[in-house]
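Undergrad: Residue numbers (our numbering), protein chains in the order written: chain A, 1 to 179; chain B, 1001 to 1179; chain C, 2001 to 2179; chain D, 3001 to 3179.
Hints may contain errors.
[Unchecked claim] Lysine to any residue pairs mimicking SDA-like chemistry, simulated, CA-CA at most 25 Å apart:
1. K59(A) to G1062(B)
2. K1143(B) to G2132(C)
3. K171(A) to Q1071(B)
4. K143(A) to P3152(D)
5. K1059(B) to R37(A)
6. K171(A) to I155(A)
7. K3143(D) to D138(A)
8. K3171(D) to S2075(C)
9. K3007(D) to L2008(C)
10. K2007(C) to E3060(D)
11. K1143(B) to A2131(C)
12. K2124(C) to G1134(B)
13. K143(A) to H3149(D)
14. K2059(C) to S2019(C)
15. K1143(B) to F2144(C)
16. K2143(C) to A1154(B)
17. K160(A) to A38(A)
18. K1157(B) to A1038(B)
19. K1171(B) to N1061(B)
20. K2160(C) to N2026(C)
21. K1059(B) to D1022(B)
22. K143(A) to K171(A)
23. K143(A) to G3142(D)
24. K2143(C) to D1138(B)
25. K143(A) to S3019(D)
26. K3171(D) to Y2076(C)
27. K1124(B) to N1170(B)
28. K1124(B) to I1155(B)
Derived by calculation from the structure, the hints in this document are not laboratory data.
Protein chains: 4
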Amino acid sequence: MLKHVRKLQIAVIGYNTDSCTDIASNAAYEVGREIARAGAVLICGGLGGVMDSACRGAKENGGTTIGIIPQDEFSYANQHCDVVVCTGIGYARDFIVASSADGIIAVGGGVGTLIEMSVASMTKKTIVAMAGSGGVADMYGGKFLDERHTVPIAIAKDAKTAVKTILAANKNGKSQTGA
Amino acid sequence: MLKHVRKLQIAVIGYNTDSCTDIASNAAYEVGREIARAGAVLICGGLGGVMDSACRGAKENGGTTIGIIPQDEFSYANQHCDVVVCTGIGYARDFIVASSADGIIAVGGGVGTLIEMSVASMTKKTIVAMAGSGGVADMYGGKFLDERHTVPIAIAKDAKTAVKTILAANKNGKSQTGA
Amino acid sequence: MLKHVRKLQIAVIGYNTDSCTDIASNAAYEVGREIARAGAVLICGGLGGVMDSACRGAKENGGTTIGIIPQDEFSYANQHCDVVVCTGIGYARDFIVASSADGIIAVGGGVGTLIEMSVASMTKKTIVAMAGSGGVADMYGGKFLDERHTVPIAIAKDAKTAVKTILAANKNGKSQTGA
Amino acid sequence: MLKHVRKLQIAVIGYNTDSCTDIASNAAYEVGREIARAGAVLICGGLGGVMDSACRGAKENGGTTIGIIPQDEFSYANQHCDVVVCTGIGYARDFIVASSADGIIAVGGGVGTLIEMSVASMTKKTIVAMAGSGGVADMYGGKFLDERHTVPIAIAKDAKTAVKTILAANKNGKSQTGA
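Pulled out of the complex, with its shape left as it was, chain A reads as follows (with noise of 0.2 Å):
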């Protein structure tokens, strides 16, 4: 029998609804819509600024998105969420964000977001930083977060190159889902 295979899970992560500016926002409303253009399904921290854009790019193009939200209730999430994972450990569940995503690009932000990146650089994923879009994003992009210098955060200059990244490392079936 053949396996279901599962379309690829790529988290936006960036500045939250206080810190956020027009041209992040923009940033992550384009490559929120260049997931969804790419069939793939959008994953994200579920709240506002970067997080809420991203959704909002990605349902308006007739993509998928999921929302991990810190709390335990369902109305903190924005409202493109099309499924909201509850966590209620609060932002432990930056973790959650990364591991569950084949690929990760970054949009502005703060410590928050380098925790995202700090853990998907401990994992071995793809991290592609928005070039311009300011914060960490810009800080870190094109460099390795430690001196093992496994995984280098990459830059791209437009949403359709970050995501065009992603889809090409993990072109040999990585999505590809268990027993």
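Place chains B, C and D on chain A using the hints.
TA: For chains B, C and D alone, coordinates are given in the frame of chain A:
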């Protein structure tokens, strides 16, 4: 602007691979099928036994399936999960499965299932136990888990009734999402 | 070189502030006292009710107390905790309380306590329920939590007996630490 | 009645066994020793490398050591932990180590250590990096982790200075416990 209304999320919990019976597996398949027919999203622990059968029942009837697994790698999920959430937090993920559900259906199960029922009880979710499915579903169906008597565990004689019970309890828009 | 042998870690679980009775509070105090007299470390959820009374009983008898709280800030812990572990993962911290114990003593309690008993049962820890303390301790004392019948919940008529039961079960050096 | 004032809790983070250098191991030992001499409690991840050396430094100087490990079994902890907290939540336990500290000292380290520094930064804890210890301590010492510039990572030239920096930052009673 109208809010986007996410679909109802119904969790199916119960026996893992090693302890699952044919009766429980069949019941789980039917529960998955009825969740799909109701247009709800199936949430589960993403592994084998009841989880696998429920996902299969949903997928073969056009449904959507989310597997929230203890591990931090996709490969542990059963092949009928559309989306895999890799928590990496071990069996503490039982909290996330229960918290991410608008209602819960138990099919057989051991102490892990009892934990999920307890979390659902703590957060006052609707819990339905499948009659005759064995394990903790039969041990605790019709009872309260503690002396506070806040949430009784309902008993359903078949899958259609189980799903209907949860739909009825959520009629008042509990499934509407955030800000 | 001789290995450093850590002290036995005994968890006390049960009613939180809002539901704690005088009987349970007194029983918890005595359990804390006996843990201290036995030279073991008291592990608990670090909040009020049974947790507070048990910590007080241990501290007033020269013991050591560890509070593992759901929140990520110290200020939520009761004042009798020597060390506070701020998990920030909400009530999923119940898993950590149970996993960090060589044995567990239940004094009254609701579904939260039942979750901790279930985790302990899943990992085959010794569980003792204080007779007459109310709640899930009396509901489930003397029973198995699921049909696998792996770990029965023992009943103790007083605090000294409860602690002795756990000491006896751990005589074979289970408390020795790693590499 | 006077409140019980818990001791200050200082976390030591850094290289695990596989990447630890002699320089980092020695620095960690001295940091553990100075924490013990200051009468503070040493918090750490409970495993090898910097964690093991710091615990040894504290134990050989009369200190108290708490190991918060990723696994759910005691046997993974190093032998110098007085108390082992078995989280079972994998590397998401990095959040707990950082949240359970009044201040943090970094000795070398890779992305895991960067995660702990980021969590500490997010919650505005005092963070000190040991100069010359390598890894992320040297990469990020003296810098801010994101553009918000809320918490700079201090640099200390020796263990005594590192501990003093944290004591000074906590002089105003931040270590007092709850209700």
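Undergrad: K143(A) and S3019(D): Cα distance at most 25 Å?
TA: Given pair K143(A), S3019(D) holds - Cα atoms ~20 Å apart, limit 25 Å.
Undergrad: Please work out if K3171(D) and S2075(C) have their alpha carbons no farther apart than 25 Å.
TA: OK: K3171(D) and S2075(C) at ~16 Å, within 25 Å.
Undergrad: Can you confirm whether the C-alpha distance between K2143(C) and A1154(B) stays at or below 25 Å?
TA: Distance ~22 Å between K2143(C) and A1154(B) Cα, so the pair holds.
Undergrad: Given the hinted pair K171(A) and Q1071(B), is their Cα-Cα distance within 25 Å?
TA: 23 Å, holds
Undergrad: Need the status of pair K3171(D), Y2076(C): alpha-carbon distance at most 25 Å?
TA: Satisfied, since the Cα-Cα distance of roughly 20 Å is no more than 25 Å.
Undergrad: Is K1059(B) within 25 Å of D1022(B), Cα to Cα?
TA: Distance ~19 Å between K1059(B) and D1022(B) Cα, so the pair holds.
Undergrad: Holds or violated: K1059(B) and R37(A), Cα atoms, limit 25 Å.
TA: Distance of about 23 Å is within 25 Å: holds.
Undergrad: Against the 25 Å threshold, does the CA-CA distance of K1124(B) and I1155(B) hold or violate the hint?
TA: 16 Å, holds
Undergrad: Measure nothing beyond the straight line between the CA atoms of K3007(D) and L2008(C); if it is 25 Å or shorter, mark the hint as holding.
TA: 22 Å, holds
Undergrad: CA of K2143(C) to CA of D1138(B), is that 25 Å or under?
TA: It holds: about 16 Å lies between the C-alpha atoms, which stays within 25 Å.
Undergrad: Take the C-alpha atoms of K2059(C) and S2019(C), compute the straight-line distance between them, and say whether it is at most 25 Å.
TA: 23 Å, holds
Undergrad: Between the alpha carbons of K1143(B) and G2132(C), is the straight-line distance 25 Å or under?
TA: OK: K1143(B) and G2132(C) at ~21 Å, within 25 Å.
Violated hints are absent here; each numbered hint is respected by the structure.
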